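Required output: the full structure, derived from the provided sequences and hints.
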Amino acid sequence: MKEKFNSIWQRLFGDSVRAFGVVSIVFLLSLAIAPAKNFFSEWRHYQHGYLRMIRNRSEANTLQRHFKSGIQQIWLPELGVVDRCTSCHVGLNEASLTDVASQPFRKHPAIPHKLDEFGCTVCHRGQGAATTAAEAHNSTLAWEQPILPAKYVESSCGQCHRGPLSGTPVLNQGRYLLSRYGCVHCHTVKLPDGTTMTADDDPPSLSHIADKTSREWVFAWLKDPQAYSTTATMPNFKLTDDDARDISAFLIANSTAVPGDAQAVSAKADPTGGASLYGESFCASCHAVQNAAGNMVGGNVGPELTRVGSKVKPEWLQSWLRNPRVYDPATAMPHYRFNDAQVATLSGFLQAKTDSDLLANVHLDAATPQQITHGKRLVSDYGCASCHEIAGIKKPENFAPELSRIGSKSITQLIFLPGMPHTLPDYIAGKIKQPRAFSPGLRMPQYTFTTPQIDSLTTALLALNDRATTLPPSLAVAATPESDYQPAGKAGKLMSDLACFSCHRINGHGGDMAPDLTWEGSSVQRQWLVSFLKNPNTLRPALIRRMPRFNLTDGEINDLTDYMMTVYQNPAVDRDSMPLSGYPQGQVELGKQLFYGKYSCQGCHIVDPKSDKGYIGPTLTQVGSRLTAAWIYQWMKNPQSLRPGTVEPNRAMSDDDARAVTAFLISQKGGGSKETAKK
Amino acid sequence: MNRSASFVLVLIVAILATTSCSKKNEAAPLPKPTAFGAAIVEASGGKQVAQTGTPLPQPLVVQVNDGQGSALAGALVEFAAASGVVFDPANGITDSSGQVTTNVSLGGMAGRYQIIASTTDKSHKKIELKVEEIALGYQQNLGRVLADQYCQRCHNSESTVERVSNYDNLEVKPHSFTEGDTYNKISDADLTAVISHGGPALNKSALMPAWGGTLAKGDIPALIAYIRAVSDPPSHDAGAVYAKLGRHRVR
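Chains as they are written, first to last, in the numbering used here: chain A, 1 to 679; chain B, 1 to 251.
Think of the hints as simulated: they come from the structure by calculation, not from any bench.
Quantities reported herein were computed from a predicted structural model and do not represent experimental measurements.
For glycine and all other residues, C-beta sits at the position ideal for the given N, C-alpha and C.
It cannot be assumed that every hint is accurate.
If you want the footprint, here are the derived chain A segments under chain B, 3+ residues with CB under 8 Å [unchecked claim]:
#: 1; stretch: 143-152
#: 2; stretch: 609-619
Distance condition first, Cα-Cα at most 20 Å in a straight line; then the derived EDC-like pairs of lysine to aspartate or glutamate [unchecked claim]:
#: 3; chain 1: B; residue 1: K217; chain 2: A; residue 2: D99
#: 4; chain 1: A; residue 1: K613; chain 2: B; residue 2: D219
#: 5; chain 1: A; residue 1: K637; chain 2: A; residue 2: D574
#: 6; chain 1: A; residue 1: K114; chain 2: B; residue 2: D219
#: 7; chain 1: B; residue 1: K244; chain 2: A; residue 2: D99
Right under this line is the structure:
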């Protein structure tokens, strides 16, 4: 062995010339390593592939001219972006390469931003400065952010765009769910604009719960809220029987009575009138009931009522129907002003909606003081007071980890489940899907989110990251701030009593179920508003959600009407500038022709119930008794200027056309023929 | 140490390395079929539309039939598609009604995805069913949102509780956006004209209003991109079809 080695040594380094030659060759070879690595680099391979691909295309010359060889990069110091992705993704900006299925050469799909102004990693994450596919796309030791999976890509829009966008339904949904399911009760979310996200789920106060329901129901609910109502917001805390027993014991013992919220009415119920009163009062606009086929029928503003008879006490329900604001001053439920007979009838109808299985197996002995004390401890342990108001228990601060920068959380700080991909999105989605799988001791409850809901929540959370927080203010697109508008005075009080804002929006505040009333004073005629409040009829035949009748007194109607006619005025519409009648017959005729011909409004509206069938817009048979002429005119000119987002198309009518259509519509007074017939 | 010893050592290291790598790729074993069908057909869930990377709204249900054409329980069905498409589950044994149900999430690129559901017959030959699903990119999806807001009340004849269709009330019936035979003949320029100036721009019904003053810049290209993406038969602008194996176009 040794001899052999010696002979090789002799042959290579035996004399100085030989040694010099060998060392030179080794030196030259080592110098060649760098150019060789460059020559065989991955990006060069892709660029060659690109050139081969475009050779056979008809527009090869144009593509060839646009092609730049070598490493390309997009450098945006303001965003901290150094993206070399375009070294391999060569055709991203080539309009003609939309049909290329082989990556990385396809044109980037159309988006509202220029790639050169935003780079790639702002939206897709990954390591922009890397020059190999593996390092750019995957997580490495030095760079733990891999490419963001496509289903979460809208989170990147959310870094700059703080409000909803029509092109980002997933992100919008995720942000909505964060507040709708009360995630932010426990998890603080400070938004990049400095505000704190607020919850929108309205959890009821539990301070007076014994007035409303039984301990047995509380127990059954705590064990499985979805067994009572499949649409319940409350998640399942997976409590043991003992824990649920003790918490129910504490909540009932802790409850204090509200004066006047459990008074039964003496009137007799009409056993057959319940269903029609429920329908007439449009309870289904807000409350859902599961029908025999298992489908939910009704709205989701209030709680589901399928099994309400197994929950509430009859005397509480009657007081609630008489005036819900006695029990809960802030409820979204209107004060209907039912008379005692109606209260008795409606409560009888609701009380019959029971489910005998719900409480069949719940047998609780009288609570012991130990159970109550233990229940109180559990209520603090599980953070019940984070959502619910509970007398004697303070809302805990920072009950759960803050999520303001969850989208940049380092994966070294996360504990993954076995077999789970080690990425942040997978962790967040897994945690939402099954929180207790990560540790049985965790207090985070089990929600019943669907996969798309989990994906949208994950998308919204990923948008809460370092880039969103440190973004140059010039690039941030602010959200429209939620207004806290409240009308003043007597009418204002009446409007909160009737919970108008549960459905209507005024000056940016309120729900979106019913029309925006911000300009109602310019829009409608006083007489119409009075009669509508007295007896609301529907304007849109296709709608199932309608305005209920509140049995208002004449005085109340006057107060409301006066306020709305005076305050809710649009500066661009002077309602006295155009008369409500007396337009020349020729102009009315011209308007009619325009209505049925040029503009074909009958596609969506009904003026003549015999011939018109349009179902989308409001019925216009009586529009001349409802709207002001000045409003109709302005609406014809530019509907979106009066109600942003309305479906009514802006037809850019000339002044003459708009005036003629106004003259025609204002002549539709409705009921006119009947009155003459009576006379 | 002699040469052969070091060679063996290197060999052992190499074997260890390859086995430890291949372990990662090992798929769960396939369930054992108890029956073999003669045909595989789609029960429901084809030609659905979803955003890229997201699950389809409805699961894909396929059915295996025997020689007489009646449903067959106990047959193995496997699903395959281009990389990026996720099946939950990726295979299954047909139930008593002869069906296997899977939830499909489409890949990250916009376009049509070909899904192959396969089963084996008695002679162990593969029988395949090809189903297409559609993934919408940003622009097409924006178009879908706009179409739902402005167009579908008339263009979609299906009525739901939340959105009652106006289709039956119109004298001249609007075309459903999936009607490729109609839309594929209309150029982008003509579609732009009819959307912005209304039906009369193409000598069509005036019941189709002009939307040019209502829609924002970029909305009309988005609507057209959506119509091109969902049309059936596919438009020439529908983009690539992604299929199993190879990234080339199938069509």
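Hints versus structure:
1. 143-152: holds (count 4)
2. 609-619: As far as the stretch 609-619 of chain A goes, the hint holds, because 4 residues have Cβ atoms under 8 Å from chain B.
3. B:K217 with A:D99: violated (25 Å)
4. A:K613 with B:D219: Violated: K613 of chain A and D219 of chain B sit about 29 Å apart, past 20 Å.
5. A:K637 with A:D574: Measuring from Cα to Cα gives roughly 14 Å; hence the hint holds.
6. A:K114 with B:D219: holds (17 Å)
7. B:K244 with A:D99: Since the Cα atoms of K244 of chain B and D99 of chain A sit roughly 18 Å apart, the hinted pair holds (cutoff 20 Å).
Hint compliance for this structure: hints 3, 4 are broken, all remaining hints hold.
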